[in-house]
Amino acid sequence: MTQEKQHDIALMRYSVISPIINGLSEEYSSLDAFYRDAAKKGAAAPDGTVKHFSAATIERWYRNYKNGGFDALIPQGRVDEGKPRKLDADLQEQIKYLKLNYPRMSASAIFRQLHDNGSIITGEVSESTVNRYVNQLALELKTTTSQDMRRYERPHINEVWCGDSSVGPYLKTADGQKHKVYITALIDDASRFIVGIDVFFNDNFVNLMSVIKSAVAKYGPPGYSTLTMANPAVTGRWNCLRQESAPSCITTSLIPLHRRLKLNGGSVP
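According to my numbering, the sequence shown is numbered sequentially starting from 1.
For the record, the hints were derived by calculation from the structure and aren't laboratory data.
Below, simulated DMTMM-like cross-link-like pairs (lysine to aspartate or glutamate); rule was C-alpha separation at most 25 Å, straight line: (1) Lys66 / Asp8; (2) Lys96 / Glu124; (3) Lys99 / Asp88; (4) Lys96 / Glu127.
Assemble the whole structure, with the sequences as input and the hints as a guide.
Take a look at the structure:
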């Protein structure tokens, strides 16, 4: 680690503890309360990202500063630098803090953060060591690694359109009768732009094709399309048409449920 980076890390640590250097503010009932709040807020790291540290780590920085001044905040090299070592108590505390507060954070991401904030020096602790400890924590805390549910999103516009129909409000017509309204819409997966939308009194295949025809006329055909219509019969007819004349279209059965909720997530009523 260069001297410049060591100095930048020391400045970051100083910025975290600076509010209590000249005395504890009335805002906090105790130093422990400050440490917890500072741990929750995080700090701007030298690379511009916001990093989070455990309350115990921030307390250690404050003690070091009181005993040795600013120089005590500068990360020091080790006499056994370049040789692998086990995780010390402070590193274990930081890893545990990150895993408890950010359960989806991977061992690789934890390793990178500890490296970026100066807690891990290159060559001292390997990523595999951190990974083993994270797995050990999972057993101790009885946590399970759930399926990775990354957000489904295509990189380019007009690659995928997601189609859906939703029951809207009841409207009263001139004859005084109330009729259920169906909203049928298509949204571009990459841009979240609504390429087609209309309101009908019936949720049927004809109305769906009307929305698709209008969208294609304006923006051209998409590479793929997925449909989650309220009426299963409409989806069934679309699948038949797809098999006959549109092999580039894919059905909703091929896409996990959590990837089909975009229209219902707020873009369309």
